[in-house]
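Here the protein sequences line up with chains A and B, keeping their order. Residue numbering for the first sequence follows our numbering, beginning at 0 and increasing consecutively. Residue numbering for the second sequence follows our numbering, beginning at 0 and increasing consecutively.
Hints are not guaranteed to be accurate.
Said to hold, decoys possible - Here are the computed lysine to aspartate or glutamate pairs in the DMTMM-like style, where the Cα-Cα straight-line distance is at most 25 Å: (1) K22/B - D180/A; (2) K15/B - D142/A; (3) K278/A - D180/A; (4) K278/B - D180/B; (5) K8/A - D180/B; (6) K15/B - E20/A; (7) K17/A - D142/B; (8) K114/A - E111/B; (9) K254/B - E217/B; (10) K211/B - D247/B; (11) K5/A - E80/A; (12) K179/B - E64/B; (13) K6/A - E169/B; (14) K6/B - E80/A; (15) K5/B - E169/A; (16) K22/B - E23/A; (17) K149/A - E20/A; (18) K17/A - E23/B; (19) K17/B - E20/A; (20) K22/B - E9/A; (21) K17/A - E169/A; (22) K22/A - D142/B; (23) K22/B - D150/A; (24) K238/B - E39/B; (25) K15/B - D49/A; (26) K96/B - E169/A; (27) K22/B - D49/A; (28) K8/A - D247/B; (29) K6/A - D142/B; (30) K17/B - E23/A; (31) K96/B - D180/A; (32) K6/B - E20/B.
What the hints assert, rightly or not - Label-pair ranges, simulated between beta-carbon atoms: (33) N249/A - R177/B: 47 to 57 Å; (34) G102/B - L75/A: 32 to 42 Å; (35) N12/A - E221/B: 44 to 54 Å; (36) M0/B - G21/A: 24 to 34 Å; (37) K42/B - K96/A: 17 to 27 Å; (38) N249/A - R233/B: 52 to 62 Å; (39) E169/A - K22/B: 15 to 25 Å; (40) E169/A - E217/B: 58 to 68 Å.
To be clear, the hints were calculated from the coordinates, so they are not data collected in a lab. None of the values given here were measured: they were computed from a predicted structure. No residue lacks a Cβ here, since even glycine has one placed at the ideal position from N, Cα and C.
Number of protein chains: 2
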Amino acid sequence: MPLLFKKVKELRNFLKSKRCEGKEVGFVPTMGYLHEGHAELIKLARMQNDVVVVSIFVNPTQFGEGEDYDRYPRDLERDLELCERLGVDVVFAPDEKEMYPAGYRTRVCVGELGKVLEGAFRPGHFDGVATVVVKLFNIVQPDRAYFGEKDYQQLKIIQQVVQDLNVPVEIVPVPVVREKDGLAYSSRNVYLKPEERESARAIYRSFLLAEKMIKAGERDAERIKQAMKAFIERHPHVKAVDYVEITDENLKPKKRVEKGDRILVAVRVGNARLIDNWKVEA
Amino acid sequence: MPLLFKKVKELRNFLKSKRCEGKEVGFVPTMGYLHEGHAELIKLARMQNDVVVVSIFVNPTQFGEGEDYDRYPRDLERDLELCERLGVDVVFAPDEKEMYPAGYRTRVCVGELGKVLEGAFRPGHFDGVATVVVKLFNIVQPDRAYFGEKDYQQLKIIQQVVQDLNVPVEIVPVPVVREKDGLAYSSRNVYLKPEERESARAIYRSFLLAEKMIKAGERDAERIKQAMKAFIERHPHVKAVDYVEITDENLKPKKRVEKGDRILVAVRVGNARLIDNWKVEA
């Protein structure tokens, strides 16, 4: 089994001795309830580093009022087993008080990039993400940290924060991992009832639709977004399409679509709010 | 002469090799125009570490509109000479673009502690300070960093930020250093015309007045503050007393004064805005 640390001090002591031996540390920050998407991050970290640290912490400061903090799925035992199979050396699973002792006040504020797309629907979310990631980086002091492109805006924001604050870590992005039916792996997929699954799949299929339109010569972002939105909304358990947006790789909205652009989608299906994105290939 | 680095990458490469040799790094962040106050920080850093790094950077993001960023005194040659005399190993003197390349957005937001006292008169000042200090810590990765108690609120805020963001550095506070006439050393003292000097000295003398009142049994913070304010205002070149406040050591305002409390003062004399503070001894 991987070593399990719940205290910052214990983890630091362990990693300090490793660093003194000249070992390189790879870090995969997660909120637990690990799935195949996380597994890809961990496998890459395992290949590129001497020591692999996975953190498991459902970070309260990135959840807004009325969001799913309380019901977010948790299963540390299962997570530890998966980590063992993947050769993880250390799991860091602090409790809330260890990360946010009474009297904490400081936040990392990410600015404009945190106010669009997901940020427009989840005010303060990305400040919460950036704050906990900076804390975790300071605790683990990794050489490399692994982030999934599934949360594309989060990835871009973390890259921005690392650059702006001169954090000495290399951010390694890992492409979205999808289930057989195209649905992106997400801990939140457990919220989906069996009958909602086909509707959730509409997100992936809307990317294929967009790709088909683009291949057929359509370059107008507005028309592609409209078609995707209409397609997704046609599915029975879709409660709302929060956004369909097409941007360049730095999240700047596009009018004409080009290869390498990103299509970003957030959809509410049943009790789940799902996000996904797609890199334009055509 | 100390080694002079202007680029983050060069400084990092140098320090990496030192850390690999097991050397401990002490860091003194400054805005340059070094004086005896800085010298005390450097001397202590010299005693406690293998490698001493001094940064010299007049940080634009901690100056507000209409403040003295443009006229803030600068003299790198003189600073380097002082650093040499004090045995500094490395001076890091980046330009503005090196610290804030085009497109930077991230800020460290310090919350409530940054909105009172100095923060009430200089909105955003402490977010600017915290941001640049976190950047410098990430660049230098020191074992210890030295801050003067002269900027007491800044010291407390940096301690808070380091704790909240788990920054792996020990913050070492150093008491205020005063000139022979009691005026606290400050780069901004150069703004004082000779005839304003006696008025500037009123700040120190107001601390002695407070101390005398407390020794005589006065414990009411309001009466002590009133007396100090009236005393300072009596001096001819005093344009305004921005605040006289008495707090506990964590900047919480006090009604009854006790030993160990802090008296904090900001006064405008001529073209200078001076801050100072005093630890209650009685």
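Non-conforming hints, listed in increasing numerical order:
Hints 1, 5, 12, 14, 17, 23, 24, 28, 31, 37 are the ones this structure does not satisfy, whereas the remaining hints hold.
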